[in-house]
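**Q** Here is how the chains run, residue by residue.
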Amino acid sequence: DTEVTQTPKHLVMGMTNKKSLKCEQHMGHRAMYWYKQKAKKPPELMFVYSYEKLSINESVPSRFSPECPNSSLLNLHLHALQPEDSALYLCASSQDSRGTTNEKLFFGSGTQLSVL
Amino acid sequence: GDSVTQMEGPVTLSEEAFLTINCTYTATGYPSLFWYVQYPGEGLQLLLKATKADDKGSNKGFEATYRKETTSFHLEKGSVQVSDSAVYFCALRGAAGNKLTFGGGTRVLVKP
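Protein chains in written order, with the working numbering: chain A, 1 to 116; chain B, 1 to 112.
There could be a bad hint or two in this list.
List of simulated lysine-lysine pairs, DSS-like, C-alpha gap at most 30 Å [as the list claims (entries may be wrong)]:
#, chain 1, residue 1, chain 2, residue 2
1, A, 9, B, 68
2, A, 41, B, 68
3, A, 9, B, 60
4, A, 41, A, 9
5, A, 53, B, 111
6, B, 99, A, 40
7, A, 40, B, 68
8, A, 9, B, 52
9, B, 52, A, 18
10, B, 56, A, 104
11, B, 60, B, 99
12, A, 22, B, 99
13, A, 9, B, 56
14, A, 53, A, 18
15, A, 9, A, 38
16, A, 41, B, 52
17, B, 111, A, 9
18, A, 41, B, 60
19, A, 40, B, 111
20, A, 38, A, 22
21, A, 22, A, 9
22, A, 40, B, 56
23, A, 18, A, 40
24, B, 56, B, 99
25, A, 41, B, 111
26, B, 99, A, 38
27, A, 22, A, 53
28, A, 40, A, 22
29, A, 53, A, 41
30, A, 53, A, 9
The calculated label-pair distances, taken between Cβ atoms and stated as ranges, are [claimed, not checked]:
#, chain 1, residue 1, chain 2, residue 2, range
31, A, 63, B, 79, 45 to 53 Å
32, A, 51, B, 29, 46 to 54 Å
33, B, 39, A, 16, 31 to 39 Å
34, B, 99, A, 112, 33 to 41 Å
35, A, 10, B, 58, 31 to 39 Å
36, A, 84, B, 99, 22 to 30 Å
37, A, 73, B, 39, 23 to 31 Å
38, A, 84, B, 1, 23 to 31 Å
39, A, 39, B, 51, 26 to 34 Å
Hints in this document: simulated from the structure, not taken from any laboratory.
We put the beta carbon where it would ideally sit given N, CA and C, even for glycine.
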């Protein structure tokens, strides 16, 4: 199994809603990532978890709250989002992010989020 | 900090034409270099990679050579197909190893 599975594929939410994005992998990877991608732009790193601990937070607003319940799962909790947060949210995983430059990232297909 | 610059698109080609997408980078130390491809409505897939100077990555007819002297990693394919229509991202992973830095992406459209 070389897949990273993200649910839901599409999500529409209001600015007062609370929702969660989910990501799952069963490749035994110990590093997991959240990226945000606006239309016609490259992905921007948001968070990195390494061995279930948050290792990188790229100054992301607190209305985005990541969670890594175990080595296979990664969640992104959303609360009080703004319309400008509408984007494709991509999850990725890799063997281990610590000090290794040549490992590849496996990406999910993303959740297309629209904030009304 | 690390950065990647790639040619802006869109690049429009006819089937069987030769494709080149230029990519240059700035990084300290010896980064690993990657090309990722994103098909419409999907996430990114690794196309090829190179981890040291003069390495050539290749996959599905695509090639790129890690040129340290020119800090470049240009992507080439000799004969494109309609199915190669996608957005291509050049990326590097620097000495710290925990962050992938992407270029702006190049949209390629191959017409029959």
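**Q** With the threshold set at 30 Å, check whether the alpha-carbon distance from residue 41 of chain A to residue 68 of chain B stays at or below it.
**A** holds, 26 Å
**Q** Within a Cα-Cα threshold of 30 Å, do residue 99 of chain B and residue 38 of chain A meet the stated pairing?
**A** holds, 19 Å
**Q** Residue 73 of chain A and residue 39 of chain B, beta-carbon distance inside 23 to 31 Å?
**A** At 26 Å between Cβs, range holds.
**Q** Given the hinted pair residue 9 of chain A and residue 60 of chain B, is their alpha-carbon gap at most 30 Å?
**A** Cα-Cα ~28 Å, so holds.
**Q** Check whether the Cα positions of residue 22 of chain A and residue 53 of chain A lie no farther apart than 30 Å.
**A** Cα-Cα ~17 Å, so holds.
**Q** Is residue 41 of chain A within 30 Å of residue 60 of chain B, Cα to Cα?
**A** Satisfied, since the Cα-Cα distance of roughly 25 Å is no more than 30 Å.
**Q** Holds or violated: are the alpha carbons of residue 53 of chain A and residue 111 of chain B at most 30 Å from each other?
**A** Between residue 53 of chain A and residue 111 of chain B the Cα gap is close to 46 Å, so the pair fails against 30 Å, i.e. violated.
**Q** What's the verdict on residue 18 of chain A and residue 40 of chain A, does the C-alpha distance respect the 30 Å limit or exceed it?
**A** With Cα atoms ~27 Å apart, residue 18 of chain A and residue 40 of chain A stay inside 30 Å; holds.
**Q** Against the 30 Å threshold, does the CA-CA distance of residue 99 of chain B and residue 40 of chain A hold or violate the hint?
**A** Roughly 21 Å separates the two Cα atoms, so the pair holds.
**Q** Is residue 41 of chain A close enough to residue 52 of chain B, meaning Cα to Cα at most 30 Å?
**A** OK: residue 41 of chain A and residue 52 of chain B at ~27 Å, within 30 Å.
**Q** Measure nothing beyond the straight line between the CA atoms of residue 56 of chain B and residue 99 of chain B; if it is 30 Å or shorter, mark the hint as holding.
**A** holds, 22 Å
**Q** Given the hint that residue 56 of chain B pairs with residue 104 of chain A, does the C-alpha gap stay at or below 30 Å?
**A** holds, 16 Å
Violation of the numbered hints given earlier is confined to hints 1, 5, 8, 9, 13, 32, 34; the remaining hints are satisfied by the structure.
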